[in-house]
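First residue of the sequence shown? That's 1 in this note's numbering, and the numbers climb one at a time after it.
These are calculated hints, taken from the structure and not from any lab test.
As the structure is a prediction and not an experimental result, all values here were calculated from the model.
We treat Cβ as the ideally placed atom computed from N, Cα and C, and that holds for glycine.
Please note: incorrect hints may appear among the correct ones.
[To be verified] Simulated restraints on C-beta separations:
hint	residue 1	residue 2	range
1	55	99	17 to 25 Å
2	88	55	20 to 28 Å
3	100	71	15 to 23 Å
[Said to hold, decoys possible] Below are the DMTMM-like pairs computed for lysine to aspartate or glutamate, each with C-alpha atoms no more than 25 Å apart in a straight line:
hint	residue 1	residue 2
4	51	61
5	51	40
6	51	89
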Amino acid sequence: QKPSGPVEGNYAGSLMLTPTHEISTDSIEDSSNEFVVDEDITWIEWFCHLKGNEFFVEVDEDYIQDDFNLTGLNAQLPFYEYALNTILDFDDHVDQLPDDQLPLVETAAQMLYGL
1 QKPSGPVEGN YAGSLMLTPT HEISTDSIED SSNEFVVDED ITWIEWFCHL KGNEFFVEVD
61 EDYIQDDFNL TGLNAQLPFY EYALNTILDF DDHVDQLPDD QLPLVETAAQ MLYGL
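With these hints in hand, go ahead and build the complete structure from the sequences.
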């Protein structure tokens, strides 16, 4: 994985948008001292926990969806709508794209989240 540029093993590896680099919680104990099993994580959690992304924070989805916070960003990125839907884990949008464009959408999502 590279700190800058596209991430190898992207999040959109399948039509179901399941992360290819899941965070394992096998050995983490919760407050009741029971072990927590692996869970599905959001795109935001996945992205923020990638090596090299230590300075990113998990932003609330309400903030991301606020039109004021998105002003002008659609002109900055190709595949803006697809990238935003990827960040928000809206799965149905990937059916409309050819497989060769999914890495471009993933890169645009990473750039958009950083803005």
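Verification of the hints:
The given range of 17 to 25 Å is broken by residue 55 and residue 99, whose C-beta atoms sit roughly 31 Å from each other. A beta carbon spacing of about 22 Å between residue 88 and residue 55 agrees with the range 20 to 28 Å that was offered as a hint. Between residue 100 and residue 71 the C-beta distance comes to about 31 Å, which lies outside the given range of 15 to 23 Å. As the CA atoms of residue 51 and residue 61 are separated by approximately 22 Å, the hinted pair is consistent with the 25 Å bound.
Restraint check for residue 51 and residue 40: the C-alpha separation of about 19 Å stays at or below 25 Å, so the hint holds. Proposed proximity of residue 51 and residue 89 is supported: the alpha carbons are some 21 Å apart, at most 25 Å.
Going through the hint list in order, the structure does not satisfy hints 1, 3.
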